[in-house]
Amino acid sequence: MKLTFPYMGSTIIYQKLLQLLDHEVIMPPRPTQRTINLGVKYSPEFACFPYKVLLGSYIESLELGADTIITSGGHGPCRAGLYSEIHLKTLRNLGYHVDMIVFDDIYHYPKLFLERLRMIKNHKSFLQLIRAIYTSYQLAHAIDSLQKFMEIKQAYELEQGAFAKAFEIMRQKFAKAANTVKDVQCLQREGEMLFSSIPVHEPPESQKVRIGIVGEIYVVIESSINTGIAALLNKLGCEVTRSLYVSEWVDHALPRFIKKSDTAIIKNSKKYMEMGIGGHEIHNIGHMIHYKEQGFDGIVHLMPFACLPELITQSLIPKISIDLDMPILTLAIDEQSGAANTLTRLEAFVDLVRNHKLQKAG
Amino acid sequence: MKTYLGIDVGSVSTNIIALNEASEVLSSKYIRTNGQPMECIKNAMKEIARDLQNLEVAGVGTTGSGRQLAGIITGADIIKNEITAHATAAIHFYPDTRTIFEIGGQDSKIILIKNGMIVDFAMNTVCAAGTGSFLDHQAERLKVPIEQFGELALTSTKDTRIAGRCTVFAESDMIAKQQFGFSKGDIIKGLCEALVRNYINNLGRGKTLTPPYLFQGGVAANVGIIAAFKKELRHEIIIPRYYNVMGAIGAALLAKDYLEKNGYQTRFSGFEITDVNFVPKTFDCNGCPNACEVIEVTREDTVIARWGDKCGKWTNEISYSPPGYLTEAACS
Ligand code: SF4
Ligand code: SF4
Numbered sequence: 001m002k003l004t005f006p007y008m009g010s011t012i013i014y015q016k017l018l019q020l021l022d023h024e025v026i027m028p029p030r031p032t033q034r035t036i037n038l039g040v041k042y043s044p045e046f047a048c049f050p051y052k053v054l055l056g057s058y059i060e061s062l063e064l065g066a067d068t069i070i071t072s073g074g075h076g077p078c079r080a081g082l083y084s085e086i087h088l089k090t091l092r093n094l095g096y097h098v099d100m101i102v103f104d105d106i107y108h109y110p111k112l113f114l115e116r117l118r119m120i121k122n123h124k125s126f127l128q129l130i131r132a133i134y135t136s137y138q139l140a141h142a143i144d145s146l147q148k149f150m151e152i153k154q155a156y157e158l159e160q161g162a163f164a165k166a167f168e169i170m171r172q173k174f175a176k177a178a179n180t181v182k183d184v185q186c187l188q189r190e191g192e193m194l195f196s197s198i199p200v201h202e203p204p205e206s207q208k209v210r211i212g213i214v215g216e217i218y219v220v221i222e223s224s225i226n227t228g229i230a231a232l233l234n235k236l237g238c239e240v241t242r243s244l245y246v247s248e249w250v251d252h253a254l255p256r257f258i259k260k261s262d263t264a265i266i267k268n269s270k271k272y273m274e275m276g277i278g279g280h281e282i283h284n285i286g287h288m289i290h291y292k293e294q295g296f297d298g299i300v301h302l303m304p305f306a307c308l309p310e311l312i313t314q315s316l317i318p319k320i321s322i323d324l325d326m327p328i329l330t331l332a333i334d335e336q337s338g339a340a341n342t343l344t345r346l347e348a349f350v351d352l353v354r355n356h357k358l359q360k361a362g
Numbered sequence: 363m364k365t366y367l368g369i370d371v372g373s374v375s376t377n378i379i380a381l382n383e384a385s386e387v388l389s390s391k392y393i394r395t396n397g398q399p400m401e402c403i404k405n406a407m408k409e410i411a412r413d414l415q416n417l418e419v420a421g422v423g424t425t426g427s428g429r430q431l432a433g434i435i436t437g438a439d440i441i442k443n444e445i446t447a448h449a450t451a452a453i454h455f456y457p458d459t460r461t462i463f464e465i466g467g468q469d470s471k472i473i474l475i476k477n478g479m480i481v482d483f484a485m486n487t488v489c490a491a492g493t494g495s496f497l498d499h500q501a502e503r504l505k506v507p508i509e510q511f512g513e514l515a516l517t518s519t520k521d522t523r524i525a526g527r528c529t530v531f532a533e534s535d536m537i538a539k540q541q542f543g544f545s546k547g548d549i550i551k552g553l554c555e556a557l558v559r560n561y562i563n564n565l566g567r568g569k570t571l572t573p574p575y576l577f578q579g580g581v582a583a584n585v586g587i588i589a590a591f592k593k594e595l596r597h598e599i600i601i602p603r604y605y606n607v608m609g610a611i612g613a614a615l616l617a618k619d620y621l622e623k624n625g626y627q628t629r630f631s632g633f634e635i636t637d638v639n640f641v642p643k644t645f646d647c648n649g650c651p652n653a654c655e656v657i658e659v660t661r662e663d664t665v666i667a668r669w670g671d672k673c674g675k676w677t678n679e680i681s682y683s684p685p686g687y688l689t690e691a692a693c694s
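Those protein sequence lines, which keep their order, are chains A and B.
Each residue of the first sequence is one higher than the last, beginning at 1 in the numbering used here.
Each residue of the second sequence is one higher than the last, beginning at 363 in the numbering used here.
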């Protein structure tokens, strides 16, 4: 079995888990224009954009020799829960001999879930399986915590690219040496030290601009298809915080008794939306309000092409923006979102946000 | 005499203006880019230098899709996006304005202003149906010079509704109407109204459009479109005197403001640059399947600027980076 998995965020987390279980892993290449073109070519025109990118990414992994794809399904956000069925069909129609191991919601299909676990646990014991899962879980949190740090401080780096370079160094170290929880903690500390040593020039508090990013999970997490929005905003001198990181997405999927509660965030959104409609819309609205409470200066909302939940969020944004007295920019992400135009919009938005902040300060 | 230059390099036209210290326009040039931005910028600079005797450039600002290129050649003090630049000029001339309609050759925008500041904007860059190129195209089909297009629209007294959702539909609808015997004037009026309707529906969605309205950009020369706007909005609209070079004026104003506020000296490279040989070239990187089209500018055999690479592989190699200059996403 040559396993591969969907490309989303720092892939070394999934790689690590599978390697700790002695699997042969085919790393999906980072999505490029080719990935997107492949996905677009073989997808229904009105499928949502993340569906297309993932399809393209699977094809590229299969080209590299993978034969089994591990993914999540079932109770997923919105249509994403059903992606796997159609992906599998399409891939087989294209002539690939491929299987999928789909992890459905543990509550709805506990038996199936266990069966799947048994499949990926390989010859290892359940104890070893749990240890592997726990290690990769910690790894996800460690990498995300470094990424969060970076997306704030990178705004002030003196030497362009210093943070990106340091992050890449750490990523490789994690991939090579993070095999136990202890390793992970050690490397995280090393990463923090490395990051803290990067020279930055922080402006006074009154001139800092903080931008929060919300939107559909895949385009928020995956920088290769959102034109690297966090890094772009950093280069424009803004601190960035995203509503979702891989580790938090994992937290969502955890059994209820260990899960961190996000009810406080969701509760906020009640005023605008009575109930969820399948995607991350109530989280997103909740996060917008939360950003306001934390004193953020602007919000960027990412909406994939053909994404219904985010389209509905977008229709509420004019009202939310007025209520919160907060500039909000929606960016549609699709295979044509040229980076030059995105940049023009972002630059103009950052100008707007700065002026808004100055004016409020009086 | 102290002057500030503003340069707006778009895909259709390149505009250069010169302001005096009181922010009045001394000279303005509007030139077709014709896919030759470099030559265009140089020629326009030469013309400005010829027009204005003994001028002393105290600052330069650039904007438009070619803002980086223009900024590099001229040594600009500020390189700004076209949304901010357009709004800056509009607010300078009409401080009370609330809504700016800007329709150029390749793109169009709506910018909302409150208390002299941008509060919201929308920009169309993908759909031709809301831009000047749509009109150019239809004028060609109807064999009417674009300069007379607007006047012809005013000759019609009929209401002709043309489906304007998309250029392709508009075209087939237009041909059908022609066969039905509608006059050219009727059809052109219908087209103008379709464009305006389309533009407002696309960009104004979810926004409250409050007067005073300002209409600028190359298309603001078209009286047919102006009439269509008035009809759609049921309100007067203002066409600024320098409607087709507002972006350039904005860039100059921003440069002036930036230098004055910070007490900096200009980085302007001087008019000699019109004799320097800058060579732009593009190549496809084959470092990864992104196959980025990288643009490179050389000045006398040294590479002075590069952009267009998604990973920074090419841009990071050169040290010079103008203010506000950016690369795209980082890639591993
Ligand atoms: S949230 Fe949007 S992008 Fe994600 S599965 Fe649903 S429709 Fe598709
Ligand atoms: S992303 Fe970098 S390596 Fe890949 S094609 Fe573009 S410039 Fe080359």
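Quick caveat, the hints were computed from the structure, so don't treat them as lab data.
Hints are not guaranteed to be accurate.
Ranges between beta-carbon positions, derived for each pair [said to hold, decoys possible]:
hint : chain 1 : residue 1 : chain 2 : residue 2 : range
1    : B       : 566       : A       : 22        : 56 to 66 Å
2    : B       : 503       : A       : 293       : 50 to 60 Å
3    : B       : 416       : A       : 311       : 54 to 64 Å
4    : A       : 33        : B       : 601       : 20 to 30 Å
5    : A       : 33        : B       : 566       : 26 to 36 Å
6    : B       : 633       : A       : 358       : 28 to 38 Å
7    : A       : 92        : B       : 638       : 31 to 41 Å
8    : B       : 593       : A       : 315       : 26 to 36 Å
9    : A       : 207       : B       : 418       : 25 to 35 Å
It should be emphasised that the depicted structure is a prediction, and the values quoted were computed from it without experimental measurement.
Virtual Cβ for every residue (Gly too), placed ideally from N, Cα, C.
Now the hints, each set against the structure:
no.: 1; hint: 566/B with 22/A: 56 to 66 Å; verdict: 59 Å, holds
no.: 2; hint: 503/B with 293/A: 50 to 60 Å; verdict: 56 Å, holds
no.: 3; hint: 416/B with 311/A: 54 to 64 Å; verdict: 58 Å, holds
no.: 4; hint: 33/A with 601/B: 20 to 30 Å; verdict: 42 Å, violated
no.: 5; hint: 33/A with 566/B: 26 to 36 Å; verdict: 32 Å, holds
no.: 6; hint: 633/B with 358/A: 28 to 38 Å; verdict: 36 Å, holds
no.: 7; hint: 92/A with 638/B: 31 to 41 Å; verdict: 60 Å, violated
no.: 8; hint: 593/B with 315/A: 26 to 36 Å; verdict: 28 Å, holds
no.: 9; hint: 207/A with 418/B: 25 to 35 Å; verdict: 32 Å, holds
Checked against the numbered hints given earlier, the structure breaks hints 4, 7 and satisfies all the rest.
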